[in-house]
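Enquirer: Given the sequences, and given the hints that come with them, work out the whole structure.
Protein chains in written order, with this note's numbering: chain A, 1 to 287; chain B, 1 to 249; chain C, 1 to 322.
Please keep in mind that the hints were generated in silico from the structure rather than gathered at the bench. Accuracy of the hints is not assured; some may be wrong.
The calculated lysine-lysine pairs, modelled on DSS-like cross-linking and capped at a C-alpha distance of 30 Å, are [to be verified]: (1) B:K72 <-> C:K319; (2) A:K278 <-> B:K149; (3) B:K242 <-> B:K226; (4) B:K24 <-> B:K149; (5) A:K278 <-> C:K212; (6) B:K196 <-> B:K226.
Listing some non-contacts, in silico: residues in chain A with all C-beta distances to chain C over 10 Å [to be verified]: (7) L8; (8) L65; (9) L66; (10) V78; (11) G101; (12) L104; (13) G130; (14) L133; (15) G143; (16) G166; (17) F268; (18) L282.
Backbone N, C-alpha and C define an ideal beta-carbon position, used for all residues, glycine too.
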Amino acid sequence: MQALYAQLLVGLINGSFYALLSLGLAVIFGMLNIINFAHGALYMIGAFCAYFLLNIAGLGYWWALLLAPIIVGIFGMVLERTMLQWIAGLDHLYGLLLTFGLALILQGVFQNFFGSSGLPYAIPDQLRGGMNLGFMFLPIYRGWVVVFSLVVCIATWFLIERTRLGAYLRAATENPTLVRAFGINVPRMITLTYGLGVGLAALAGVLSAPINQVRPLMGENIIIVVFAVVVIGGMGSIMGSIITGFALGVIEGLTKYFYPEASNTVVFVLMVLVLLVKPTGLTGRAA
Amino acid sequence: MPEVTMATRAPAAASDAGTVLGVKSLEAWYGESHILHGMNFTVNAGEVVTLLGRNGAGKTTTLKSIMGMLAKRAGSVRFNNRELIRLTSDRIARLGVALCPEERGIFSSLDVRENLLLPPVVRDGGLSLEQIFELFPNLKERLSSQGTKLSGGEQQMLAIARILRTGASFLMLDEPTEGLAPVIIQQIGHTIARLKKEGFTILLVEQNFRFASTVADRYYVVEHGKVIDGFSNAELPANMDKLHGYLGV
Amino acid sequence: MTTITENTVPAPPRAIRDEMIVFVIMAALLAIVPFTGLYPFFVMQALCFALLACAFNLLIGYGGLLSFGHAMFLGTAGYCTAHALKVWGLPPMLGILVGVAGSFVLSVVTGYISIRRQGIYFAMITLALSQLLYFIYLQAPFTHGEDGIQGIPQGWMFGVLDLSKPTVLYYVVLVGFLAGFLLIFRTINSPFGEVLKSIRENEQRAISLGYKTDQYKLLAFILSGTLAGLAGSLKVFVAQNASLTDVEVAMSGLIVLMTLVGGLGTVFGPVVGAFIIVAMQQYLAGFGQWVQVIQGTIFVACVLLFRRGIVGEIAHFFKRSL
Chain A
1 MQALYAQLLV GLINGSFYAL LSLGLAVIFG MLNIINFAHG ALYMIGAFCA
51 YFLLNIAGLG YWWALLLAPI IVGIFGMVLE RTMLQWIAGL DHLYGLLLTF
101 GLALILQGVF QNFFGSSGLP YAIPDQLRGG MNLGFMFLPI YRGWVVVFSL
151 VVCIATWFLI ERTRLGAYLR AATENPTLVR AFGINVPRMI TLTYGLGVGL
201 AALAGVLSAP INQVRPLMGE NIIIVVFAVV VIGGMGSIMG SIITGFALGV
251 IEGLTKYFYP EASNTVVFVL MVLVLLVKPT GLTGRAA
Chain B
1 MPEVTMATRA PAAASDAGTV LGVKSLEAWY GESHILHGMN FTVNAGEVVT
51 LLGRNGAGKT TTLKSIMGML AKRAGSVRFN NRELIRLTSD RIARLGVALC
101 PEERGIFSSL DVRENLLLPP VVRDGGLSLE QIFELFPNLK ERLSSQGTKL
151 SGGEQQMLAI ARILRTGASF LMLDEPTEGL APVIIQQIGH TIARLKKEGF
201 TILLVEQNFR FASTVADRYY VVEHGKVIDG FSNAELPANM DKLHGYLGV
Chain C
1 MTTITENTVP APPRAIRDEM IVFVIMAALL AIVPFTGLYP FFVMQALCFA
51 LLACAFNLLI GYGGLLSFGH AMFLGTAGYC TAHALKVWGL PPMLGILVGV
101 AGSFVLSVVT GYISIRRQGI YFAMITLALS QLLYFIYLQA PFTHGEDGIQ
151 GIPQGWMFGV LDLSKPTVLY YVVLVGFLAG FLLIFRTINS PFGEVLKSIR
201 ENEQRAISLG YKTDQYKLLA FILSGTLAGL AGSLKVFVAQ NASLTDVEVA
251 MSGLIVLMTL VGGLGTVFGP VVGAFIIVAM QQYLAGFGQW VQVIQGTIFV
301 ACVLLFRRGI VGEIAHFFKR SL
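Expert: Laid out in structure tokens, this is it:
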């Protein structure tokens, strides 16, 4: 039984990363109509950022949580300004190709300098150790990851669905030309939105560093699963991405306990099933 | 309708003889299609000017070109002594120009309040929320409804209301009465008359020229992307036959 | 919105004649390769990838569907053929047929699932499906996982052609490539191809004209996947192995890159692109992960500056259809 709860926890943790990453992807897709293939690489760079901040600047985990998303977010905004804006008027598939190329570049560079093995990143002192909950032993850091991710997801949801700034974002997603004609600088908003999405990916990277170590390839496999999450949930709603992300993480964890051989593939199988039954994804808005 | 006291508006600063908008040789393209072939007209301070014409004549394209929403344009659009032809639409909006589009453009992912508050205030002199609610009492009751759940008439009210808050002095209304019941059309007519009294300058596009004749000071007839005729409201009765010919009514 | 290919030059009869001339030249050049100093295995490998890229291009260039999982057809046919040759001991032709049949079945199944969505969603679904297959192959015993199927016998085709001789094998592969290429060429210029192109341009219009667009897209997908499988089967003879590399995402990306460099939506672009990229892979083999960086840079450069691709630029310059 312990093993089941342990696997469930792993599932929740993976679900946290799926949720944060698919949230960022959904936000970027909504505004820019681009599937950001580089998302996995930026998640990886977020983790590396935390590593560098610690080992070069002596700034620890809590600094990394704040600074890494900002640094990587700014880097993302530069990418958007210099390259993505250039292809804004073209078929959206070019955005996929461009960001795929960017992902290859980013991953290749890091792989060249750091190989394929993982660099260590320690759990911060305040979050070490664990609690005995009776039915299971909960490592504090892992509990923190789930709770903090949930908070960030809900905060992002609140920002988008309930604030003035979010209203601008939602309106610009629907009809950017008209929003611009009201006097709002839509191109700047698009850049900032890309930065926000990228920042969320980097944040996930920092959270992931003490658990999964810091490896150049850490983005590569997770991004495809996140794509499947996004297809299942549908890109239509922010809340949909969050819920689907956590849910699929848990399902993956449970599969690992009950039927381990299928744990790698269960998300994809679910994707196939959803596509056969409800092609527009669970939250229903069409592509 | 209760009398609304609004702050007395200073007439917009004008170049010669109170011309707010001067359009000269305006051309515009949608992709490869050459829609406007040289529009020429003026709008003076405090006037309501109407562009009449058949479907596809280029009236909506003209408004969108003035607003800077078309990528490819040429010619000259002078607004209060500023040349707009090279500016982006957000810059133009911030100079005090506002558009109420033909499709109304109510955002489905925003509720009524968010739709109303969306366009930012670009200068002083805009209406306050109270004044807007006195003009459009229906909106006050529907603030938390999703924007597109409103009826056609209510959506039109919302589309007009939200640009009144911004402080824009020059309003462009694209077919505000299209598809609406006569009672609502009357209400819109009253609203435009009220706005005119308060010093707004309005450029109207209308197919329903009977409605237009209740509010307009002057008319231009547009055909194939050019202005082919123009007359004042006083001259309208004398030109009715000609107008019927132009509009194919 | 610009459709994905900028090489939308309509093909009047004169253009088809131009293309046939280029085809004959290409076939002639390829036929004399064994007499030049060129290393035949390099050219054979390039031919396999050229066929693969042409099959991919059929789908994107003429159907408007970007498949990011075409490696799954390459790999599946490869594994099937390898297994048939090594374990079942089938003669080469039957081995190829088994491989092609395998990719045909896969394309029917995956096509049925993927065609339900368009554009970006379609790309993501094909990507996820190929990843699903990757994990299945990773664990399936018959593929030998990370090791792959090695030491595959080349055998005697039809009992008379000794495929262990490079020159003989070369001509067999060349015939396979030319046959596949001609089939694609014929398809593009047929009524079916015209409908496909019109679906790419404006699907709504095609639907309103009464075409069951989903069926057309599915057929194109099946044809594309099956021919990609042919490439995979031929490649088994050339490389004498079948491995996981053939089913990886990186392989799918490589296919896209070849077609992009050569020219999406052109007839000869994928061939040119395949040769260039295969050559590049060989040349840069010692550079480790920098290959990845260079590939990525080429992707980015093509999308930003060079969307028509090499053949596309040439065709544009001469105002011909290539």
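Enquirer: Examine each Cβ of chain C, and state whether all of them lie more than 10 Å from the Cβ of F268 (chain A).
Expert: Violated, since 4 Å does not exceed 10 Å.
Enquirer: Confirm or reject the statement that L282 (chain A) sits farther than 10 Å, beta carbon to beta carbon, from all of chain C.
Expert: 14 Å, holds
Enquirer: Can we trust that G166 (chain A) is non-interface, i.e. its beta-carbon lies farther than 10 Å from all of chain C?
Expert: 24 Å, holds
Enquirer: Please work out if K278 (chain A) and K212 (chain C) have their alpha carbons no farther apart than 30 Å.
Expert: Holds, at about 20 Å.
Enquirer: Are all C-beta atoms of chain C more than 10 Å from that of L66 (chain A)?
Expert: 30 Å, holds
Enquirer: Report holds if the minimum CB distance from V78 (chain A) to chain C is greater than 10 Å, and violated otherwise.
Expert: Non-interface label stands for V78 (chain A): nearest chain C Cβ at 14 Å, farther than 10 Å.
Enquirer: Can we trust that G130 (chain A) is non-interface, i.e. its beta-carbon lies farther than 10 Å from all of chain C?
Expert: Holds: least Cβ distance 32 Å, greater than 10 Å.
Enquirer: Verify the proposed pairing of K24 (chain B) with K149 (chain B), using a straight-line Cα cut of 30 Å.
Expert: 41 Å, violated
Enquirer: Mind verifying the non-interface call on L133 (chain A)? Its CB should be farther than 10 Å from each CB in chain C.
Expert: Given that every Cβ of chain C is farther than 10 Å from that of L133 (chain A), nearest at about 33 Å, it holds.
Enquirer: G101 (chain A) clear of chain C by more than 10 Å, beta carbon to beta carbon?
Expert: About 3 Å separates G101 (chain A) from the closest Cβ of chain C, which leaves it inside 10 Å; violated.
Enquirer: Measure nothing beyond the straight line between the CA atoms of K278 (chain A) and K149 (chain B); if it is 30 Å or shorter, mark the hint as holding.
Expert: 26 Å, holds
Enquirer: Are all beta-carbon distances from L65 (chain A) to chain C longer than 10 Å?
Expert: At roughly 29 Å from the nearest Cβ of chain C, L65 (chain A) sits farther out than 10 Å, so the non-interface label holds.
Hint violations for this structure: numbers 4, 11, 12 and 17, all remaining hints satisfied.
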